[in-house]
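Undergrad: Sequence:
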Amino acid sequence: MHTSTLSRVVQAVNILIAILLVVALGIVYWFVWRPLPQRSGSIKAEVTAPVTVTFDSLGEPHIRAASLDDVFYAQGYVTAQDRLFQMDGLRRFSSGELAEVFGPTFLEADRESRRLRIRRTAEDAYATLPDSDRAALGAYARGVNSFIASHLNNLPLEFTLLGYQPRPWSAIDSLLVALHMCRTLTSTWRNDAVKHNMIITGDRAKVDDLFPMGAGLALPPGSNSWVIAGSRTASGKPILSNDMHLEYSLPGIWYMTHLEAPGLNAAGVTVPGLPGIVVGHNQRIAWGVTNLQFDVQDLYLEHFDDRTGRYLYKGQVEQARAEREIIRVKGQNPSELLLWVTRHGPIFLAENNQFMALRWTVNTPSIVQFPIVDIDRAANWAEFTAALSRFPLGANFTYADIDGNIGYHVTGKLPKRVGYSGDLPVDGSSGAFDWDGFIPFDQLPSAYNPPSGVIATSNQDPFPANYPYPVNGNFAPPDRAQQVRALLSARKRWKPAEMLTVQKDVYSAFGKFLAAQLIAAYEKRHTRNPSLDEASAVLRAWNGQMEKDQAAPLIADLGFQHVRSTLADIASGGQGQGYDFPMATAAIQKLLTERPKGWVPDYDSMLLQAFVDAVDEGRRMQGREIRKWVYGKYLNITVDNPVIHHVPWVGKYFDLGPLPMSGSGTTVRQTTRKLSPSMRMNADLSNWDNSLLNIETGQSGQILSSHYKDQWLDWYYVRSYPMQFNSVKEKHTLTFQPQ
Numbered sequence: 007m008h009t010s011t012l013s014r015v016v017q018a019v020n021i022l023i024a025i026l027l028v029v030a031l032g033i034v035y036w037f038v039w040r041p042l043p044q045r046s047g048s049i050k051a052e053v054t055a056p057v058t059v060t061f062d063s064l065g066e067p068h069i070r071a072a073s074l075d076d077v078f079y080a081q082g083y084v085t086a087q088d089r090l091f092q093m094d095g096l097r098r099f100s101s102g103e104l105a106e107v108f109g110p111t112f113l114e115a116d117r118e119s120r121r122l123r124i125r126r127t128a129e130d131a132y133a134t135l136p137d138s139d140r141a142a143l144g145a146y147a148r149g150v151n152s153f154i155a156s157h158l159n160n161l162p163l164e165f166t167l168l169g170y171q172p173r174p175w176s177a178i179d180s181l182l183v184a185l186h187m188c189r190t191l192t193s194t195w196r197n198d199a200v201k202h203n204m205i206i207t208g209d210r211a212k213v214d215d216l217f218p219m220g221a222g223l224a225l226p227p228g229s230n231s232w233v234i235a236g237s238r239t240a241s242g243k244p245i246l247s248n249d250m251h252l253e254y255s256l257p258g259i260w261y262m263t264h265l266e267a268p269g270l271n272a273a274g275v276t277v278p279g280l281p282g283i284v285v286g287h288n289q290r291i292a293w294g295v296t297n298l299q300f301d302v303q304d305l306y307l308e309h310f311d312d313r314t315g316r317y318l319y320k321g322q323v324e325q326a327r328a329e330r331e332i333i334r335v336k337g338q339n340p341s342e343l344l345l346w347v348t349r350h351g352p353i354f355l356a357e358n359n360q361f362m363a364l365r366w367t368v369n370t371p372s373i374v375q376f377p378i379v380d381i382d383r384a385a386n387w388a389e390f391t392a393a394l395s396r397f398p399l400g401a402n403f404t405y406a407d408i409d410g411n412i413g414y415h416v417t418g419k420l421p422k423r424v425g426y427s428g429d430l431p432v433d434g435s436s437g438a439f440d441w442d443g444f445i446p447f448d449q450l451p452s453a454y455n456p457p458s459g460v461i462a463t464s465n466q467d468p469f470p471a472n473y474p475y476p477v478n479g480n481f482a483p484p485d486r487a488q489q490v491r492a493l494l495s496a497r498k499r500w501k502p503a504e505m506l507t508v509q510k511d512v513y514s515a516f517g518k519f520l521a522a523q524l525i526a527a528y529e530k531r532h533t534r535n536p537s538l539d540e541a542s543a544v545l546r547a548w549n550g551q552m553e554k555d556q557a558a559p560l561i562a563d564l565g566f567q568h569v570r571s572t573l574a575d576i577a578s579g580g581q582g583q584g585y586d587f588p589m590a591t592a593a594i595q596k597l598l599t600e601r602p603k604g605w606v607p608d609y610d611s612m613l614l615q616a617f618v619d620a621v622d623e624g625r626r627m628q629g630r631e632i633r634k635w636v637y638g639k640y641l642n643i644t645v646d647n648p649v650i651h652h653v654p655w656v657g658k659y660f661d662l663g664p665l666p667m668s669g670s671g672t673t674v675r676q677t678t679r680k681l682s683p684s685m686r687m688n689a690d691l692s693n694w695d696n697s698l699l700n701i702e703t704g705q706s707g708q709i710l711s712s713h714y715k716d717q718w719l720d721w722y723y724v725r726s727y728p729m730q731f732n733s734v735k736e737k738h739t740l741t742f743q744p745q
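Going letter by letter, the sequence shown gives residues 7 to 745 in the working numbering.
Read the hints as simulated data drawn from the structure, not as lab findings.
Be a bit skeptical, because a hint or two may be false.
Straight line, CA to CA, 20 Å or less: simulated EDC-like cross-link-like pairs of lysine to aspartate or glutamate [as the list claims (entries may be wrong)]: (1) LYS603 with GLU266; (2) LYS737 with ASP75; (3) LYS518 with ASP442; (4) LYS680 with GLU553; (5) LYS639 with ASP215; (6) LYS498 with GLU540; (7) LYS530 with GLU540; (8) LYS518 with ASP448.
Simulated DEER-style distance windows between Cβ atoms [claimed, not checked]: (9) ARG499 with ASN203: 24 to 34 Å; (10) SER237 with SER733: 51 to 61 Å; (11) GLU129 with ASP720: 25 to 35 Å; (12) LYS320 with ASN203: 45 to 55 Å; (13) ASP312 with ASN339: 21 to 31 Å; (14) SER237 with GLY425: 38 to 48 Å; (15) ALA328 with PRO456: 17 to 27 Å; (16) HIS738 with ASP137: 32 to 42 Å; (17) ARG499 with GLY425: 49 to 59 Å.
Quantities reported herein were computed from a predicted structural model and do not represent experimental measurements.
Just so it is clear, CB atoms sit at the ideal spot from N, CA and C, and this is done for glycine as well.
Make a model of the complete structure from these sequences and hints.
TA: Set out below in structure tokens:
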């Protein structure tokens, strides 16, 4: 080719590349950069007086307003800037409207949400809310809607990719978000159904052994919270810590916020879509929360005619109420769902001509309220517990105040059952298993200034053995709580930053127990196997720490999987419950300790086979040299962006990980493939500005925001940040001016 011709071709190619680059940059600017949150300047808004929003270096908004309405309005606006798509996803999940934007893959999830009647529950609840609750929810909704209305042509990227615009926000949508949290933390109906199905084909006594009352299934969402009195701290004032364990998500579930208005000055974390602070502190008190995991759902076997909706109750025929649901599906015709609602609740499960209605506490009229703002404004134990008495969700609240008091109180509308425990479906036609109201708040477990100076809750059963009402739930084994107490009681003069050493603890008492069982079973056989020799030596030298760079945690966990799979298969009559059957570790430990007859001919033989299977599986995964195995390759976490991940070529760069993890479902730092600590707070009652707070990913859900994942590595390595309160280091300031 002639030199001049070649030169022209090269020049043309370069021009084309430049044009494509400019076009690409233009697209990125228009669809990704332009919608980024506004953090400075002034916005005309529906406020009665100027509102100042100071953003710190982590992107946390510190909002100062002249009224509660204005502060919640501004909270709604700035939260929507960072998390609008997440907020829309939460309300769609609750109301059963995901298939409308994501397609038929989500149709079954929508059907379950509709059968749970979450939107109808939210609508009914709003009608009975106190005026103060409605005012907070309404002001927040106005702020969200102000953002939506002014950004319909400038929405976060996910809306563009999915091709839709969000509907206006409402107070009912906030209740949908609150009910989403209730649903996430209280789906005990699944336990009843699993146990029922196992009994049909299996051995009732053995199934009961696997589902001991109060133990339930393993690895539901969990948390840790503790508070120590000033007698155990360096400052002489209490320290309150909280790390809530929830499913991985991007962005994370929590949004850091600081709200200041007359009668309100509170900081901490909240759920996008909800006004106020869920966990944090104000000027006088700090509070934390963990999931109680009490059973608040019952399945009722109904004598039901699905053609007419008629059913029997106390010898009389009653008519169920018909509710028709239309589920919009992207790219398809709408799907219709007919739901029959009985006196016990909706017909939720229908299998093998068995119809089960679901009763759930939140469906009870006037139960769902929104006391978060009252909690945020409480100044002492009396005001705090008065607010908690309205809290509908079963939870463990920890408390501390600047006067040096510490406390604990169980919350929630917990059903009083008479003559049954609630662990299995019951006959709905007799009327013998109807709830007798709810346990009075003042009879729920509580503590105030205990002599030990330590209160620790890690989802363990807080109810005493002589409690006057039947108790059932997915309570965690006591291992995590016992480890927390042991660590806290081992010394005094604690400082807030030192609490991170407790929050990152990965010692597994159950793992150490099972390792000893496997070793003992092998040694009793008096035959040698080179692989088991090596695996036994690794376990024998292990200190019980579920560290990511060790081999022993992998051996112990694989052994656990095979033991519980074997036991589940035996109890269900050989039907097979699968490798990941979520049996409680407490049930296995009890069986292996007591070794009751009738389960297996020889427990040591069963354990030895599980040991062999675990080692064989480990070798398939990580090679023949057992000492070189790495637990973190097995517990390796990637968190995908739910929408951007699917964009070809570039989407994966906005995911998190993969990263090897330490911990397990039985360690203080509860870490599994599904969940982990979603936030960490350590509140210093001697000086609020010495407190620490961090969340899992970052403040913003927008991928080009500097706060999209700026907290991820510090979260991973268990480092934290000052919780700015009295002294805020300003990075940007945004003001809302009256229109």
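Undergrad: Next step is simple, just say for each hint if it's right about the structure.
TA: Do the hints match the structure? See the list:
At most 20 Å may separate the alpha-carbon atoms for a hinted pair to count; LYS603 and GLU266 exceed this at roughly 63 Å. With a C-alpha separation of about 25 Å, the suggested pair LYS737 and ASP75 falls outside the 20 Å cut-off, and the hint is violated. Of the supplied pair hints, the one linking LYS518 and ASP442 is violated, its CA atoms being roughly 43 Å apart against a limit of 20 Å. Annotation: proposed proximity of LYS680 to GLU553 holds, straight-line Cα distance about 18 Å (limit 20 Å).
Proposed proximity of LYS639 and ASP215 is contradicted: the alpha carbons are some 33 Å apart, above 20 Å. Straight-line distance between C-alpha atoms of LYS498 and GLU540 comes to about 41 Å, which puts the hinted pair past the 20 Å bound. For a cut-off of 20 Å, the pair hint linking LYS530 to GLU540 stands: about 16 Å separates their Cα positions. Among the hinted pairs, LYS518 with ASP448 is inconsistent with the structure: their alpha-carbon atoms are about 39 Å apart, more than 20 Å.
Taking the beta carbon of each, ARG499 and ASN203 are about 53 Å apart, not inside 24 to 34 Å as hinted. In this structure, SER237 and SER733 break the distance hint of 51 to 61 Å, their C-beta atoms being roughly 28 Å apart. The beta-carbon spacing between GLU129 and ASP720, approximately 41 Å, falls outside the hinted interval of 25 to 35 Å. For LYS320 and ASN203, the Cβ-Cβ distance of about 28 Å falls outside the hinted range of 45 to 55 Å, so the restraint is violated.
One distance hint, 21 to 31 Å for the beta-carbon pair ASP312 and ASN339, holds here, with the actual separation near 23 Å. The supplied range of 38 to 48 Å is met by SER237 and GLY425, whose beta-carbon atoms lie about 45 Å from each other. Here the CB-CB span from ALA328 to PRO456 is close to 53 Å, at odds with the stated 17 to 27 Å. Taking 32 to 42 Å as the suggested C-beta distance range, the pair HIS738 and ASP137 conforms, at roughly 35 Å.
For ARG499 and GLY425, the hinted distance range of 49 to 59 Å is satisfied, since their beta carbons lie about 51 Å from each other.
Hint check: violations occur at hints 1, 2, 3, 5, 6, 8, 9, 10, 11, 12, 15; the rest are consistent with the structure.
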